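Engineer: Could you put the whole structure together from the sequences, leaning on the hints where they help?
Protein chains: 2
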Amino acid sequence: MSAALQPVDPANDTQTRQRILLAAERLFARLGYGATSLRAIMAEANVNTASVHYYFGGKAALLRAIFDMRVGATNAEREQLLDECERAAGKRAPQLRGLLEAFFGPAIRMSRSAEGQDFNQITALCSVDPDPELRKIVHDAYDQLARRFITLLRRACPQLDESTLYWRLHCMYGSMMYVRTQNGRVDYLLGDASGGLTAEEILDELVAFVEAGFLAPAKARPRKKSR
Amino acid sequence: MSAALQPVDPANDTQTRQRILLAAERLFARLGYGATSLRAIMAEANVNTASVHYYFGGKAALLRAIFDMRVGATNAEREQLLDECERAAGKRAPQLRGLLEAFFGPAIRMSRSAEGQDFNQITALCSVDPDPELRKIVHDAYDQLARRFITLLRRACPQLDESTLYWRLHCMYGSMMYVRTQNGRVDYLLGDASGGLTAEEILDELVAFVEAGFLAPAKARPRKKSR
DNA sequence: GTCTATATGTGGATAGAC
DNA sequence: GTCTATCCACATATAGAC
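Line by line, the protein sequences are chains R and Y. Position 135 (the first sequence) corresponds to 126 in our numbering; numbering is contiguous. Position 147 (the second sequence) corresponds to 138 in our numbering; numbering is contiguous.
Keep in mind that the hints were calculated from the coordinates and are not lab data. Note that the coordinates shown come from a computational prediction; the quantities given were computed from them, not determined experimentally. Be careful, since some hints might not be right.
Identical copies go unnamed one by one, so any copy, or any two together, can satisfy a pair.
To be verified - Okay, derived cross-link-like pairs now, EDC-like style, lysine to aspartate or glutamate, Cα gap no bigger than 20 Å in a straight line:
(1) Lys50 with Glu124
(2) Lys210 with Glu153
(3) Lys82 with Glu70
(4) Lys210 with Asp195
(5) Lys210 with Glu191
(6) Lys127 with Asp178
(7) Lys127 with Asp183
(8) Lys210 with Glu192
(9) Lys210 with Asp152
(10) Lys50 with Asp109
(11) Lys50 with Asp131
(12) Lys127 with Asp74
(13) Lys50 with Glu35
(14) Lys127 with Asp59
Structural biologist: See the structure below:
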């Protein structure tokens, strides 16, 4: 915490600690956490092999430091946009579209920015890694805000029962993650047909898809008793 | 190829080769490919430390052998269901819902079956791994069929321009993958609210969401010139 | 604070006896 | 075909000189 929470100031990147953070971010994003060795990071950052332990204490702590450095901005923007949704709705239920834009927008903009794209990849990779330690880092970084989002989402979609909400949230997260990382599967299949869209246009596409998904009529199912 | 393409016969699992395949499948699914050592596999399978190299030639070849063993059934079922979609449509465009059920159904059923769930996880993990070798294995296993699916999808959704199709396919793949693996994010947030649905009910939820997403009106955008 | 040297562990792969 | 013993590369981490 403390200084680590500040966004990176490029003017400071001559300092050892910052150089390590940025080198690690680059490599974790390209190779994944598990496949990146501290040696490779230290070579990329041009520091000696003891620096990471001196400054951070180890590999996992270094990853946490990267999250500490980056999550603040995205979460703050999301909070602020959700505030606006609530304010605009007054006593009424918030608008689904506005909630989705508040949740996806900061993430998509980050994924398309030069400074944010590496961290965006790291978030996506860690969130599906089987290693519980990595999952926990993602959890700690994002879940408080996600809970607020879901509370508002429930009010915007009162027609959805708990189980339908559960599975649609999977679809929502999956859609967001695949769009954020532009997972190479589709490029294999279509070629790069992304169309050179801006961040706001991509956001539009994502929101349109997910909004329609949440608005789809819910299947009537015989209710199972809850225990 | 050849014998490796047959589904596993549990009665044969006394044989060394089969024991290795099943142990590796279990561990790759739980820990991921990169985090699983051959030593751990060989301990789990109760074979000596040279067997994997003798039977498969190495770690990557072992993973390929698992894919060879498993992909046949899912792909065959998908092909057959797509055949039925085309037959039912005759000269008209195929139905979107039928295509989605043909594409998702075999995967969802596999993900909920005792024999298929480990391989399902492996597919999901490898398809987002940054290692190009793993991505290529997924590519080789699934992309021929995916191309056929997309060709039919285009006919079912003629209103979608290429760029919109590109981004919606990301949403589709993301939704399918997150539902298949039941990514733990949502369980953190909601608790397990999955509702104990059957495979067919989960398929219904997924298809409803994605169908609505594909049917959402496409944004009119100023057309960029293609080069 | 910075660096070299090294401790200690684990990975994939293989040689060669049986 | 099966197994033991081992090679060698590379991982994280640390001790201790400067």
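Engineer: Confirm or reject each hint.
Structural biologist: Quick rundown of the hints versus the structure:
1. Lys50 with Glu124: within (12 Å within a copy, 25 Å between copies)
2. Lys210 with Glu153: within (12 Å within a copy, 31 Å between copies)
3. Lys82 with Glu70: within (19 Å within a copy, 51 Å between copies)
4. Lys210 with Asp195: between (27 Å within a copy, 8 Å between copies)
5. Lys210 with Glu191: between (32 Å within a copy, 12 Å between copies)
6. Lys127 with Asp178: Classified as between: cross-chain Cα gap 13 Å, same-chain 31 Å, threshold 20 Å.
7. Lys127 with Asp183: between (34 Å within a copy, 17 Å between copies)
8. Lys210 with Glu192: Intra 31 Å, inter 9 Å, cutoff 20 Å: inter-copy only.
9. Lys210 with Asp152: Only inside one copy: Lys210 and Asp152 sit 10 Å apart there, 30 Å across copies, limit 20 Å.
10. Lys50 with Asp109: within (17 Å within a copy, 29 Å between copies)
11. Lys50 with Asp131: Classified as within: same-chain Cα gap 18 Å, cross-chain 34 Å, threshold 20 Å.
12. Lys127 with Asp74: neither (27 Å within a copy, 44 Å between copies)
13. Lys50 with Glu35: within (15 Å within a copy, 28 Å between copies)
14. Lys127 with Asp59: within (13 Å within a copy, 34 Å between copies)
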